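Q: Chains as they are written, first to last, in my numbering: chain V, 6 to 120; chain R, 25 to 275.
Please note that the accuracy of each hint is not assured.
Said to hold, decoys possible - List time: in silico BS3-like cross-link candidates among lysine-lysine, alpha-carbon distance up to 27 Å:
hint, chain 1, residue 1, chain 2, residue 2
1, V, K81, V, K70
2, V, K16, R, K174
3, R, K174, V, K92
4, V, K74, V, K26
5, V, K65, R, K174
6, V, K83, V, K93
7, R, K174, V, K74
8, V, K92, V, K65
9, V, K62, R, K174
10, V, K16, V, K111
11, V, K111, R, K175
12, R, K175, V, K81
Claimed, not checked - Far from chain R, some chain V residues (derived; all Cβ distances over 12 Å):
hint, residue
13, L14
14, Y35
15, E42
16, W73
17, K83
18, A89
19, E96
20, W102
21, D104
22, F105
23, R108
Unchecked claim - Pair by pair, the computed Cβ-Cβ distance ranges are:
hint, chain 1, residue 1, chain 2, residue 2, range
24, R, L132, V, C18, 56 to 66 Å
25, R, L128, V, K100, 54 to 64 Å
26, R, R79, V, W73, 25 to 35 Å
27, V, R50, R, F105, 43 to 53 Å
28, R, L190, V, R50, 46 to 56 Å
29, V, F110, R, R35, 47 to 57 Å
30, V, G47, R, M188, 57 to 67 Å
31, R, G70, V, K111, 21 to 31 Å
32, R, L255, V, K100, 45 to 55 Å
33, V, F106, R, E263, 19 to 29 Å
34, R, W256, V, W73, 40 to 50 Å
What the hints contain is simulated information worked out from the structure, not anything from laboratory work. From a predicted model like this one, the values you see are computed outputs, not experimental measurements. Ideal Cβ positions, reconstructed from N, Cα and C, are used throughout, including at glycine.
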Amino acid sequence: MAEFEIQNLTKQCNEILILSKLAQGTRHGYQLAMEIETDSDGFFRFNHGTLYPILHKLEKERLIKGVWKPEGLKRKRKTYSLTARGKKYLEQERKNWHDFFDRFFKVIGENPLQE
Amino acid sequence: MSHNRFTPLLRQFDRELDLPQPIKSRILIEIADDLDDLYTHFRQQGLSEQVAYARTQERLSPTLEILQQLRDIHQSPVQRFFDRIPRSLLSRWERACVLVILLLTVSLSIQQIESTSFFHQASEFIWPVMLAAISGFVLLLIKTYQILLKKEHSPHRIRSGVPMLLLSAGAVPLLSLLGVWVEFHRALLNLARDPHSGYLAVLNALLESSALMVAGLNLFLVLSILTFALLWRIGSIEEANANQLLDPSSE
């Protein structure tokens, strides 16, 4: 199991959310933010442009690929898609998150607390 | 594409996002497009203009911290290195570097001239020609350092020094040509004064002038190729700046 750095937990979580959404197909930045928010019933929300550093970091690490595609007559929009490397990384990270929650609930317990 | 609604915001990001072009433009275009699309999405949901604007801004408008994170991601290792050096020290260090480069260029050029018989054959006009060429090369070095390494892409400063560079480069063939005609004029004067031995002066002038012209044209060729490459780079940076959605008509 890969080690989780507690201080980076939110960051890692956001990265996985984005990668998982991109595993379903190409998306624009704002589409990713909106879909993640809708799918999580508003629980995960990317405010104040927090999405962009994550997207650009993932792109730098070649886990996702940003492409400028023509949209309409003069317009070009940047769309993101998951790379083969990103897919592999996502698969590994999903296992890591399962392991993390298994151990997490093992420690905190899942049953209701006794009075 | 209309981003007029968000132009003040984009201008603010433009000021605060300290990155070279075209990276900065691309980031701003991406944010601008997302702002526009999300605003349309909220409006289609029936929100008023003000509420849709506020919500869009809340979701996608990056804070200073986020812009700093973007800057960190896209910064080149060279820029990161320079950022670690205090500004005052950097400016002193830059001046020292420019001085060293200047001295090196001058001394190497003089060495080259003295060791090459070709330069000895050229007329005395080779000196102003060399001076113009050396100033051109030094200016080229400074501009290349500013644009490629220091990433100083501000629209106000990007073309500073370029007219001087063009003047230096243009002076090289002009001075060579002037030298050729002055040498010929002198030789012809000698010939007019003494028709018997004056032809030697004409031969000598022909030799000196052709050497001067070859040296001048060679220097001009190298200088103009490098200047062209630099101007091409400046042009592409300016084009990226222009595409930055900071349309002045939207003000």
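Q: Does each hint hold? Answer for all of them.
A: A quick look at each hint next to the structure:
no. : hint                         : result
1   : V:K81 to V:K70               : 16 Å, holds
2   : V:K16 to R:K174              : 31 Å, violated
3   : R:K174 to V:K92              : 37 Å, violated
4   : V:K74 to V:K26               : 19 Å, holds
5   : V:K65 to R:K174              : 21 Å, holds
6   : V:K83 to V:K93               : 23 Å, holds
7   : R:K174 to V:K74              : 31 Å, violated
8   : V:K92 to V:K65               : 15 Å, holds
9   : V:K62 to R:K174              : 23 Å, holds
10  : V:K16 to V:K111              : 23 Å, holds
11  : V:K111 to R:K175             : 52 Å, violated
12  : R:K175 to V:K81              : 26 Å, holds
13  : L14                          : 17 Å, holds
14  : Y35                          : 4 Å, violated
15  : E42                          : 9 Å, violated
16  : W73                          : 8 Å, violated
17  : K83                          : 5 Å, violated
18  : A89                          : 22 Å, holds
19  : E96                          : 24 Å, holds
20  : W102                         : 23 Å, holds
21  : D104                         : 28 Å, holds
22  : F105                         : 24 Å, holds
23  : R108                         : 30 Å, holds
24  : R:L132 to V:C18: 56 to 66 Å  : 58 Å, holds
25  : R:L128 to V:K100: 54 to 64 Å : 58 Å, holds
26  : R:R79 to V:W73: 25 to 35 Å   : 26 Å, holds
27  : V:R50 to R:F105: 43 to 53 Å  : 37 Å, violated
28  : R:L190 to V:R50: 46 to 56 Å  : 54 Å, holds
29  : V:F110 to R:R35: 47 to 57 Å  : 49 Å, holds
30  : V:G47 to R:M188: 57 to 67 Å  : 59 Å, holds
31  : R:G70 to V:K111: 21 to 31 Å  : 47 Å, violated
32  : R:L255 to V:K100: 45 to 55 Å : 54 Å, holds
33  : V:F106 to R:E263: 19 to 29 Å : 50 Å, violated
34  : R:W256 to V:W73: 40 to 50 Å  : 22 Å, violated
Hints 2, 3, 7, 11, 14, 15, 16, 17, 27, 31, 33 and 34, counting from the list given before, are not met by this structure.
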